[in-house]
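Q: From first to last, the protein sequence lines stand for chains A, B and C.
All residue numbers for the first sequence refer to the numbering used here, where the first residue is -15 and numbers rise by one.
All residue numbers for the second sequence refer to the numbering used here, where the first residue is 421 and numbers rise by one.
All residue numbers for the third sequence refer to the numbering used here, where the first residue is 30 and numbers rise by one.
Listed next, the in silico DSSO-like pairs over lysine-lysine satisfying Cα-Cα at most 27 Å (straight line):
1) K375(A) x K385(A)
2) K714(B) x K459(B)
3) K663(B) x K200(C)
4) K434(B) x K125(A)
5) K129(C) x K200(C)
6) K324(C) x K385(A)
7) K663(B) x K562(B)
8) K129(C) x K663(B)
9) K125(A) x K623(B)
10) K324(C) x K359(A)
11) K385(A) x K359(A)
12) K739(B) x K623(B)
13) K125(A) x K739(B)
14) K622(B) x K125(A)
15) K129(C) x K719(B)
16) K162(A) x K739(B)
17) K719(B) x K200(C)
18) K714(B) x K129(C)
19) K200(C) x K714(B)
Which bits of chain B does chain C cover? Going by a derived footprint, with three or more residues having C-beta under 8 Å, they are:
20) 533 to 541
21) 720 to 726
Think of the hints as simulated: they come from the structure by calculation, not from any bench.
Beta carbons: idealized from backbone N, C-alpha and C, even for Gly.
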Amino acid sequence: METSAIFEFRGISKRFFGIHALKDVSLVLRPGVVLGLVGENGAGKSTLMNIAGGVIPPDEGTMFLQGQLYRPLDPNEASRAGIGFIHQELNLFTNLSIAENIFLESFPRMRGLPFIDRRTLADTTRQLLASLNMDFSPSTKLEALAPGERQLVEIAKALSYESRIIIFDEPTTSLTAKERERLFSLIQRLRGEGKAIVYISHILGDVRALADEVAVLRDGELVANAPVADLRIDRMITLMIGRDFDNIFPAKTSRPGQKTILKVDALSQTGIARNISIEVHAGEVLGVFGLMGSGRTETARMIFGLDEYETGTITVGDSVLPARDPVAAIRGGMAFVTENRREEGLLMNVSISDNLGLVSLAEFSRRFGGIVDRKRLREAVGRIGAELRIKSGSYERLNAKSLSGGNQQKVVIGKWLMTRPRVLIMDEPTRGIDVGAKFEVYTIMNELASQGTGILFISSEVEELMGICDRIVVFSRGEIIRDFPRHEFSQERIMRSAFRQEDAAVLDA
Amino acid sequence: MSRSINAVRDFVLKNSTIVLFVALFVFFGVVAPRFFSGKNITNIFSNASYIGIVGVGMTFVLLTGGIDLSVGSTMYVSAVVAGLVVNQLGLPIGLGLAACLLVGLVFGLINAFIITRLNVVPFIATLTTMLAGRGFGLMLTKSVAVNFPDSLTLLATVDVFGFFPIEVVIFLAVVFAAALYLRSTTGGRRIYAVGNDIEIAKKAGIRTTPVVASTYVICALCAALGGFISIAEMGRVNADFGKGEEFNAIAAAVLGGASLFGGIGTVFPGTLLGTVMIQMIQAGLVFSNVDVYKQEIVKALMIFLAVFIDSLRNSQLRKLGRRTIMRVSDSS
Amino acid sequence: MTLPPLAEWPRRAILSEYFVLILTVAYVLVLWPFIPWLLGQRNVGDILSNMWPLLAIAVGQTFVLVSAGIDLSQTSIMAVTSVIGAMIMTRGLDPVLFSKSPFWGIFLGEQGGPLAGSPAAVPVAILAMLLVGTIIGLGNGACVAFIRMPPFIVTLVSQLLFSAVAIFLTKSENIRHLPDEYLALGQGNLGIVPIAMIITVTLAVTAHVLMSRTAYGRRLYATGNNPVASRVSGVSTTRVIVSVYAISGFCAAIGSILYSARLEMGRPTLGSGQLLDIVGATVIGGVSLAGGKGKVTWTFFGVLFYVVLANTLNLLNLSFFTIDMVKGGVILFAALMDVMRTRAMAARN
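Isolated chain A, as found in the complex (with noise of 0.2 Å):
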């Protein structure tokens, strides 16, 4: 090990249902250096910090801390190893103060008794928060903190284990202008201590700004290590999208009509989402590109009448949709295909042939009483099952859960073809499903643009979209910064609207 690290990733795999989340990966972290971990959406950033975090262990390779093996069996090992991660969704108690969270463990006692001594457990916390420059009071409770100084609470909390290495994992989603500033000089501050920070971002910008050198993974591969002299901002985006076709797709037979069958006007919710419009035409494969959090599931969810939202009209065919009404939603005629199929998609302990009847039962159960025709019920989910070649035993007998991902995924799919709609919503549809289930997902979908339906399809693989779609909308926090018709499809040029690198000036900072 390099005699000026203190910690060192060594030949670190992992998997997961089979897929390679990181392979062969190698990292040095130096202290009083700041290593910028940039990568797309599932090219293992966090996977890497879990494991360094002690969330989750390795398949392969090994870690060094101080020259010593590591192995942290829990988050708490790693913690009183000393290092301090701070992750995107903060773990700490809303219902405790500001003291009480820090120092939940390892309170200050008095002098013999088993009581916490409240006055140097104040002092100590208000040190801690002077060295923060935060002024709040210790005895403040955590819920009356805004979601910045909350972050600053859990860097605290890292500081008082006397953190060397400290991880920030998309640290500035929630902050304010001003809160990412006093965020960065912080940061800047502990470098100047001699930790070693690695800050996990995708605003390159900041990357760019903050780090003395930056690391790209692709496909959990670590693509290149340099100082941030060597990586300018296009240099870095094309070094996390170049990547192997794996993903073959269908020949594009369908070609958008002219009729619009979904129209979302100026749709608008405080800290969501911002004057978002899109008009989907009959037959149309709209393709909704944006980053992690960029706020495309949140707009799906509001355009299907999953959430509120204050302003904006939804529009299918003719008919102006309620808002927060999903069953007028579908009874319009639309369907989301969810993106995380356990918990929203499907009925896990419920038979396959019962999910797949779920959204359509109305159509049939008109005889009297409600009572469900069981036999048309059958023929027709025997029809999609084999339409879609789900791979499956009896679909009455076997429950969802016995599914493989891209089976399950059909299910969820064939589910909402049975209501023939008109304008389908799918989020990251072949997400954690493989290679030859994807193609078929691909296939399905231009056939039913092929016969009429919108289709709005939300990914994060731009690659997918480019193969399938007619245009490319773009999101960035919460607003479309652009809509790419077929024709101005470039990898580089929708990444860099993604991550608002547009113009060319920006580009060479």
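Fit chains B and C to the given chain A structure using the hints.
A: Same frame as chain A, now just chains B and C:
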């Protein structure tokens, strides 16, 4: 205009206990000012003492998001055992009290075991302990009432410093000890942490099983103590002693601000005020000659009101947790 | 807690739908040599007549449990409907006992209730009972679905409230002198078949069809299994939740009709202490407390087992507190089985 309504609503939800208490105070002050005689107030506190102690124990359980429906049966069995020890075995009252608390401990451990080790939902677990416990108690007494010697009832009439009834002193002592534990020990703070978010607590390295178990043990001990105090005043234990007391305890805690969803609540001032409020209402209803049957209805409505407010507050908290992507101040 | 892994045949038996039925039969066979009159005509008749009202109420509870809720107010609905129905049809009230009742002088008098002696008395009373039960259920459901109050607290508070109301209305007195036509419902026969059986079986069969064959039933299972995914799929989970509590209240009212007719009185304390019997019998049958799993047939097996158990405990001359302890133990056992079954199913997958 709607913003000030929102502000008012938030204030009420956050400080529901104090608001209710003041409202009640004002109500009685206006409608029946003679209600506030010194003797009346003393009586209210005196009658509130035993259920207040049980309520303090219930608060612990509620703080971790659980519930204990077996406190009534715990009261009964521990009082019965104390009676047996004193009457049958002729042992001094002090040992009777010790036996009583021991029974409480056993009940608490049983509940803790079923809930944390066998993973049965708290309310089913304590519902069955309630049933089995009462059955056990009835078996011990053969449904006959148990009488206590005069020495005990005499003790109950003691006034500390010639002024404070002893049960009130014990009640306040329990409140003090519980408040101290909850506020100033690691164990107490861990209870709040676990109640707030058990997953984050586990991630923080807290061993949640002993924390949850301790709340059921404390609750049962308090029930035993409360039961002992109650029978010390009455002098005898009937076959249906303690029946329904779980609701009074829950009401005292929830009216005092404890949330059924966990993580929120205090014994001081919370449960203390809650207990006094319930007693005030009870006494007030008696004072105003409202018949007994209506009193039960009023009590049920009060609990409903308390839970209603708690649920509203919980929904509010959840809505505020909705993720934000862009800050309002950001413009590009 | 890590329980030891099961051998194959016990696991199969436990996971089988008919486990409880098998258990009941085994239990009876084991005890029969010791109490031969267990299967005598009179005892069997006893068992069955205890079964019908309990089954009717448990059917309602089944709906609520499948929706991942619970209804602890059924016994108080029994009490309040018993009282209200009796007040409408009673043909004579003792002024000494009832003059303090709030309705004395308005609806009630020495000659009975408002419809005393009228042929419409019984139908109206029954209608009123069913209506009150359903409305209370709707109230419960609304609190759970719209205000998001936890089901067990809502129904627990309802329980307190309506028990108090029942006692308040009659000042704790039982109402007698009910018309014979009404008593026939609980005690009479149509040919050789008890009317109570006809009513309960009709209710159970309808419930079974509703749950297993209709769109409503599918939506119910979906809601109980995963309310979020159900909502995304267009199921109106609020409507489902409100409806199950209404059904539960309705069934409690039916049970009240049968019990009150058998006891020949309107009782403000009807059902007191039976809460655990109802929930316990349903859970023993295999209906899961976690929701999404359960059938009316399972409840039938559970109620049968429970009634047989209670009957045998009586026959064995055990003191009633021992009986309570055994019952408590059995319910705990059922809850444990529920946990174990869920785990066994997860392991199988």
